[in-house]
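Which chain is which? The protein sequence lines are A and B, in order.
Counted from 1, the first sequence has number 37 at position 37 by the UniProt record's numbering; the numbering is strictly sequential.
Counted from 1, the second sequence has number 83 at position 83 by the UniProt record's numbering; the numbering is strictly sequential.
Using 30 angstroms as the maximum straight-line C-alpha spacing, the simulated DSS-like pairs for lysine-lysine come out as follows:
no., chain 1, residue 1, chain 2, residue 2
1, B, 237, A, 84
2, A, 99, B, 239
3, A, 176, B, 219
4, B, 239, B, 353
5, A, 176, B, 218
6, A, 129, B, 237
7, A, 129, B, 177
8, A, 179, B, 353
9, B, 352, A, 99
10, A, 398, A, 375
11, A, 3, B, 2
12, B, 352, A, 179
Label pairs and their in silico Cβ distance ranges:
no., chain 1, residue 1, chain 2, residue 2, range
13, B, 97, A, 244, 46 to 54 angstroms
14, B, 187, A, 347, 51 to 59 angstroms
15, B, 47, A, 215, 38 to 46 angstroms
Away from chain A, derived, C-beta distances all over 12 angstroms, residues of chain B:
no., residue
16, 23
17, 199
18, 321
Bear in mind the hints are in silico, worked out from the structure with no lab data behind them.
All C-beta atoms, glycine included, are put in the ideal place defined by N, C-alpha and C.
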Amino acid sequence: MSKGVAITGMGIISAIGNNVAENYDALINARKGITRVDNVETIQRSEIMVGEVKFTNDQLIAQLNLPTSNNYSRTAMLGAIAAKEAIADAGITDIKKYKTGIISGTSVGGMDMTEKYYYEYLTEKAPQKYIESHHAGDSTQKIAEQLGLEESLVTTISTACSSAANAIMLGARLIKSGKLDRVLVGGADCLSKFTINGFKTLMILSDTFNTPFDENRKGLNLGEAAAFLVLESDEVVKAENKKVLAYVKGYGNANDAFHQTASSDDGDGATLAMEKALKVANLKASEIDYINAHGTATGNNDLSEGRAILRVFGEEIPEFSSTKAYTGHTLAAAGAIEAVYSVLALRHNVIFPNLNFKTPMKEFSMNPQTELKEKELNTVLSNSLGFGGNCSTVIFSKEA
Amino acid sequence: MKKVYINSIASISPQKTFDNNLFLDEITDYNNTVIFAQDPDYKQYIPPAAARRMAKGIKMGVVASKIAMDEAGIETVDAIITGTGMGCMIDSEKFVSAIIDNNEQYLTPTSFIQSTHNTVAGQIALGMECKAYNFTYVHSAISFESALLDAKMQLENDEAQHILVGGVEELGAHTTKVHRTINHIKPEAVTISEILNSKTEGAVFSEGANFFVVSNEKKESCYAELVAVETFNTLKKEKVSETIESFLEGNNLKAADIDVIVFGNNGDVDFDDFYNQLSEGIFNKTQQVFYKHLVGENNTISAFGVWLACKILKTQSIPEIVKINEIKTSEVKTVLCYNQYRGQNHSLLLLKKC
Chain A
1 MSKGVAITGM GIISAIGNNV AENYDALINA RKGITRVDNV ETIQRSEIMV GEVKFTNDQL
61 IAQLNLPTSN NYSRTAMLGA IAAKEAIADA GITDIKKYKT GIISGTSVGG MDMTEKYYYE
121 YLTEKAPQKY IESHHAGDST QKIAEQLGLE ESLVTTISTA CSSAANAIML GARLIKSGKL
181 DRVLVGGADC LSKFTINGFK TLMILSDTFN TPFDENRKGL NLGEAAAFLV LESDEVVKAE
241 NKKVLAYVKG YGNANDAFHQ TASSDDGDGA TLAMEKALKV ANLKASEIDY INAHGTATGN
301 NDLSEGRAIL RVFGEEIPEF SSTKAYTGHT LAAAGAIEAV YSVLALRHNV IFPNLNFKTP
361 MKEFSMNPQT ELKEKELNTV LSNSLGFGGN CSTVIFSKEA
Chain B
1 MKKVYINSIA SISPQKTFDN NLFLDEITDY NNTVIFAQDP DYKQYIPPAA ARRMAKGIKM
61 GVVASKIAMD EAGIETVDAI ITGTGMGCMI DSEKFVSAII DNNEQYLTPT SFIQSTHNTV
121 AGQIALGMEC KAYNFTYVHS AISFESALLD AKMQLENDEA QHILVGGVEE LGAHTTKVHR
181 TINHIKPEAV TISEILNSKT EGAVFSEGAN FFVVSNEKKE SCYAELVAVE TFNTLKKEKV
241 SETIESFLEG NNLKAADIDV IVFGNNGDVD FDDFYNQLSE GIFNKTQQVF YKHLVGENNT
301 ISAFGVWLAC KILKTQSIPE IVKINEIKTS EVKTVLCYNQ YRGQNHSLLL LKKC
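With the hints as constraints, model all of the structure from the sequences given.
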């Protein structure tokens, strides 16, 4: 279990860009992707802001060259686009050459089509093709189909907002235990009326730009996105003479066991997740150079996560920031989006700013990094915290 | 690498399986296209006020987990890992229909909160106050097998000693109606004795929860050693036999070494050939059993196949009602489970007597 888990490729599509290069450009230029929602018809439009991929479904279908008879949900299409970029970035031309798998995280799955055709399914023939796209695993099956991956380990995790972080965790474990040589890990979630209205009823949606870790934060902006990373074993890296972008160094998952949706006040779950990840990485807290926080900008999350960071890092808190102000909270995909950002931070030795921050929270004195900062980075810790008390931490590093 | 044992089982299904002292002793016959789980006395396990807020899937999951924990004689675990292909259908349907029916107004959060796929695993953790690793797999017919694979890796590597693993599905009325329109559900009611020869498309849909405590130490209650589990997103019919043979070879076994094969036939005329070719082919001299005539089809019903295999291994008996053929075996030592749904998401699972 002491094997390295190399990241050799990445792909992403989010509100701030349709590929890795566009996302990086937006990140270093403080360009956020938060707007009114255009692709989902909702009466909440004037009351919320979202991080939306501006392509319509028809445009996504065209990009992927899908036949008109296709039954891809938007989640599956976003996922396929990011997955293809990751595979190309890793220089993989023959997906069957090594024992390869796919692990994706999603919470929305095909709900976008289900809510559109819910009653029509009973009477109209045309939309019935989407009935089979509802279940969460379908989007991952479609991604596998797009990549031509057959007879393989392809599975899906749904642990709400930590799903993609957990997909990375399982992928790393599969590589370490030798079950797979190569695995595509990440997540995808599209915007839907289901999640927009769900979070609205919880009264945690901001009516303006979200402001992580700010005293006057008003809640989150929902986002949609997909991102995937290619993880490969030491053997494949050596055999193929692969360029390694970074390593998955540590990971931990814990449950807050406090409330179905809210986080505990003192961040027990997040504390445990970070501690476990540090232990797996064999690192001390002081060896973490940057924290990409979950920082959704809800009252509850930022307080709970902030306290957990304080508990783990004590007086020596490295620079931390949440990138949710750029992308919105992309739910199950968030862990993968922020994994890509963490690797970009390591590659470029740069810390991305926590946008929209003005007033420090009264509960503690730690403040996020608000300006772009150049710093030699060797390790980045990324948190993803979700419903059901699900808390995950992944640590990325330059060295194995 | 440590060995992995299934130390306890729990099943809530359309048969009366929640009592571990019984083994399909009385069979409930059905004549339907959709069958529901038989309720244990939930009050014994969950305070009535809490139970009222829970949809059936949550209740079944929570109670099955308690039965499994009791039998294993442990209070807490190092991980809770569930599988659910369709998730919390009842609350999902409630929330979607409320959005549509009321044009996004007058909504309350309860059904949204409980619609999340990891609700059952989260509720089990809450009930046990268990802050450990908590995952939920949601990949159609291999959701449970993914959970089991995750658990197996952690136990083998001694990252955990005891893990609660389970599969759970609940029926949602609208989803059932919708699946009728695309013929995934049988057009006519069938009894359990007719199902395998029904010659119609679709399956009898069902629900249930099957939970297990798996550990890297053998307890007195041990049912089986979990030797291997593997899943395949796709597999062509003509490649199933060779895939099984190479899976067995990887475990130093041949088809002839399998004492009992557990098939996932559901009576769907379009897909049962995946199993029939094996019945007549590489396993024609092996004792074959099946179970979906008793408990129907759902995304994690293959966990019931594991339940059946565990019971057979521990009791060394095979109820007549599950037998496809009649082959004399002096001792059941090795059991293989094979399942797929609609030609996709195949799984192979190898168990040995412990």
